[in-house]
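J.: Chains as they are written, first to last, in my numbering: chain A, 30 to 346; chain B, 1232 to 1606; chain C, 146 to 655.
Where hints are given, some of them may not hold.
[As the list claims (entries may be wrong)] Calculated cross-link-like contacts (lysine-lysine; reagent style DSSO-like; alpha-carbon spacing at most 27 angstroms): (1) C:180 - B:1467; (2) B:1467 - C:496; (3) A:339 - C:496; (4) A:339 - C:164; (5) C:527 - B:1467; (6) A:203 - C:267; (7) C:553 - B:1591; (8) C:180 - C:351; (9) B:1492 - A:277; (10) C:164 - B:1591; (11) A:205 - C:267; (12) A:205 - A:156; (13) B:1289 - B:1564; (14) A:339 - C:553; (15) A:339 - B:1591; (16) B:1492 - C:553.
Hints are computed from structural coordinates only; laboratory data are not their basis.
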Amino acid sequence: MEAILKDLGFLIGTTLMYSTPLIFTSLGGVITERSGVVNIGLEGMMFFGAFVGAAAAYFTQDPWIGFFCAGLAGALLGLIHAVACVSFAAEQIVSGIAINFLGPGIALFLSRMLFDGATQTLTVPNKIPLPLSFLFGEGKLFPSAGVMDLIFNRFATVYLAFFLVWLVWFVLYKTKIGMRLQAVGEHPEAADTLGISVYRIRYSAVIMSGFFAGMGGAAMSIAVVSRFSNTLISGHGFIALAAMIFGKWRPQGALLACLLFGGAKGFEIFLGAKGVPIPSSILAMLPYILTIVILVSFVGKTTAPAAIGKIFDKSGK
Amino acid sequence: MKLNFPNLKEQFLKGTLGLTLISIALGFILGALVLLVAGFNPLEAYWVILKGIFSRPKYVSYVIIYATPLIVTGLSVAFAMRTGLFNIGAEGQFIVGAIVAAAAGYFFKLPVGLHAAVAILLAMTAAACWGGLAGYIKARFGVHEVISTIMLNWIALYLSNFVVTLESFGRQGTGKTYAIQKTAYIDILGHWKRSKAGIAFLREHPVLWDVLKSPVNMGFIFAILLAILVWYILNKTTLGYELRAVGFNPDAAEAGGINVKRSMVISMAISGALGGAAGAFQVLGVSHRIAKLAAMEGYGFDGIAVSLIGNNSGAGSVFAGLLFGALKYGGSKIQDAMQAPTEVINIMVGTIILFVAMPKLIRLILTFKGRGGKS
Amino acid sequence: MTTIDFSCKAVEMIEIVKKFGDFTANEQISLTLHKGEVHALLGENGAGKTTLMNTLYGLYRPTSGTIRINGEEVAITDPNVAIRHGIGMVHQHFMLVNTFTVTENIILGNETTRALGVLDLKTAEQEVAELSRRYGLTVDPRARIEDISVGSQQRVEILKALYRGAEILILDEPTAVLTPQEIRELASIIRNLTQEGKSIIIITHKLHEIKQMADFCTIIRRGKHIDTVEVAQVSEQDLASMMVGREVSFAVQKAPAQPGATVLALKDLVVEDNRGIHAVDGLNLELREGEILGIAGVDGNGQSELVEALTGLRPVTSGAIEVQGRSVTHPTPHAIINEHNIRTIHEDRQKRGLVMEFDIAENLILETYFQEPYSRGGVLQKASIYQAAEQKAQDFDIRPPNPLLEAKSLSGGNQQKVIIAREVSNNPRVLIASQPTRGLDVGAIEYVHSALVEQRDNGRAVLLISFELDEVVNVSDRIAVIFEGRIVGTMDARDADENEIGLMMAGGSS
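Here chain A stands alone, though its shape is the one from the complex (with noise of 0.2 angstroms):
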């Protein structure tokens, strides 16, 4: 009985962990295509967040620092995107193409030019600090790797996760400004003909949610590993999206979306770390697979924005 425990323990725990990068993307997700621009350059975002991240964090030796660096990191390219698609009427798409290019692109650049060429960046000397051990002491109010512990003991930047969509559920949809971003979304022409401005809300919303992904790749960077290397986000913003898809927009239901992706990377290290005599390349393409089946089950058609991807062009007025 303990040992199920301490293994369902173990289990939650690694899904909290690996679900928050996801989590912070996906919340990113949620906020631009609500103002109904399409950004499927999370990837780029997250990437070039996990580098900037690691590697102020490195050389301010402060994670938080750190942290929000790749924030802003994340936001720089949200900048380019919301640039190309809000003013120019740029295909939503191809712009977060060219920003998957240009994120990764930037950060390894960067990164062979402060780390002597090559495409990791050192250890991070202070990772993002646990909450819990660093009240209490460690192991004083948990027993270390009991059950308790290994579920709550995590770092901040889960509990700053679950808070985050917290604050966007209801930005969004109990105070002013989300209701006018969703109007943006849903029906960018009534926004306009009441005076909203609809280019300063998307603007806004791609920053946003760049510097959300900046901070999700952070999350992978200073938190689960203490580095950046060049395969340590690999598809995660493109998971986060179809969180985000298959949470319906919502923030909560992107919460859970992630959480069932987290969780299928927590079992695959789990079922890893209990020796099953799966193939670790089977293992690994669990997530993945999940992702479609459920995307395939449970996603209906209409529940996207109703603006979402479509060029609102004022020019020539």
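Based on the hints, put chains B and C in the right spot on chain A.
T.: Same frame as chain A, now just chains B and C:
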């Protein structure tokens, strides 16, 4: 029937060719700026790249060899784009094609020429299923092909890694499979150049010798043939007409009686087949086996760039593929030559794609410059 | 007893010019609106009426000219400025967010909030209820827009303007979606508003509504100001002539119909809409050769779903479709067109009718590209295709008659001609024409009507579905009225009584 053609300059500027070339130029300028800011001399870097491409016949040959898979994945993406679909899955289709080609090349024993043909066809069929699956998921369940193809990419990657570990196929402990039979090779003069007679001949002909130092193979020729085939299908056949109609306006196509769902599946299947062909050419012509991959090699993603830069056309894919191949090959040399990160090429490509996506911006720049020039 | 205060000019638009690149949409148009006045802005589709009002509302900036509100010159740079000056606009295509409630739509951009921007919907709902009572515009503040009727949606739009303190209201084609009863209700709402001191501009091309509701009328033709008249002093005929620039006859020239056998029969047809509701709810209809059957009804009573079911674009839930006595089940669009020879002019030509990026020739073969002579063995025969296209362009007066032109470069009328050319060739057994003259100018409308009559004279069966009652009455031989997915009355067109039809369209009975 008199048609008013705009004058050449107008056509150039308004036409997509002009915009593409300007986007490419802007990409190069930005690359130069990035190098400058990082403390490198952009002219020196570009010179290294140029030398790395043109200074020896071997280099030119390598560019063509590097370009071949890019051209074909470019065709794959371009075909899907023309029919209204975003095939981000060329990477996975490439891998599937490579797996099947490597397996068919190793396990079968067939005469020269036939062996390669069978391997290629099987590879294309398997990859067609891989792509068609994404098309089916979209048609039946409404799942956007961007997401499903990306997931299939990862599944293909891990499938490939798994296959490499199989005892019957992979040499245990090396992370590579056994090489394909010699009869499956599509190299040009591959055996001859190693034979005594060949070496003797080549001593007398240094240019040819230099060229043959690279793995010259039929892949490029096949790529050109596929480009022509793609052009033909899209523009000359009823199938192409259907696919283009669906690509431009699925509602009108449906109202006209075209089976939109079936078109989506067929389009993704053909697109997949092309991606698989790229993988097959790479295996049969260059690597002759498959190996365990730590990450995706990027042929499929680069194919997206090639397609976008080449304006989603057959001819465009060929030229953009060659450009990209040249940049990748030449760009790899600046790392060793001057410690300048090769990723500047990725930044350049990303910039070019970004500008290609914003024709409004370029037109704005041009009119602005025009007005400034007048006053 | 007039409500107009001639001493106060609420709006003056002086010599307004609006250009989009080389195209001049408004050429020196002047318009004066006094306080308490109802002023109609009359013109054909594309004359420039909406452009002028969008300029007044700040969605466009005028190329030149002056605007004065209550005597003071203003620069209306965006809708916020217009709203501040008391101008409100109800657009032709409603600017409502479907997933929001009535209240949320009304307060959008002007939200009632507590601290930190948190929404206070309770207070807002109360305010909306109060406003609704005061002006007699009944709405449910909590209802979602996608769940309420079109008439209610229009009331929400008007409330939106009033909520922001509009004194000047611009209504763009307000009666397009209303039954005759609802139009009478709107007229009385407008009267109430002017009695409260509001000033109103109505954009319309409906002549008897101008006579019903407006005090003055400004006529615009092709961007130019033709005249401003006092409505009581002119006839509908006068207005029509000014609008079009020549004598207009409303009646459609046609010989009496000679109907033959029943070609299409619908029995207890039930079709669901996107939300699972029975849009077509037990519909019975018979269509005969050689007649034009017009279906009259207000938008949203199942017409769209009916056409989609008949063309194979929407599944039939229950009931039967019989073509020449044979039951047709689960038809695909391909089968409808090729096996049953039923051709359709869809209501949205840009969505269902044409591939805008294809040229005229490619559009003409949209349904026949796989047949000889257009293709052989899967390969397109370009010569045959373009030759046939040139011929059709001549026969159907498509301008310019160049088969290489992209469809998107054609005018609305010519786009419709391409569609007609395509659907009418190959002698269809049944021709369905759904909103065939939407967005067309008078010349093109005449062309389409004569094409429909020609088909009927050749022995075809024509099913006409239109939201314009005039069109249905003038063109059809027989009329059926649709209400909530059922046919509630049929009559010979010669016996048609507009009031009676209007009553049926609204669900009443005489």
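J.: State for each hint whether it applies.
T.: Structure-based check of each hint:
no., hint, verdict
1, C:180 - B:1467, "violated, 65 angstroms"
2, B:1467 - C:496, "holds, 25 angstroms"
3, A:339 - C:496, "holds, 15 angstroms"
4, A:339 - C:164, "holds, 25 angstroms"
5, C:527 - B:1467, "holds, 8 angstroms"
6, A:203 - C:267, "holds, 12 angstroms"
7, C:553 - B:1591, "holds, 20 angstroms"
8, C:180 - C:351, "holds, 23 angstroms"
9, B:1492 - A:277, "holds, 24 angstroms"
10, C:164 - B:1591, "holds, 20 angstroms"
11, A:205 - C:267, "holds, 14 angstroms"
12, A:205 - A:156, "violated, 37 angstroms"
13, B:1289 - B:1564, "holds, 14 angstroms"
14, A:339 - C:553, "holds, 18 angstroms"
15, A:339 - B:1591, "holds, 16 angstroms"
16, B:1492 - C:553, "holds, 25 angstroms"
When the structure is compared with the earlier hints, violations turn up for hints 1, 12 and for no others.
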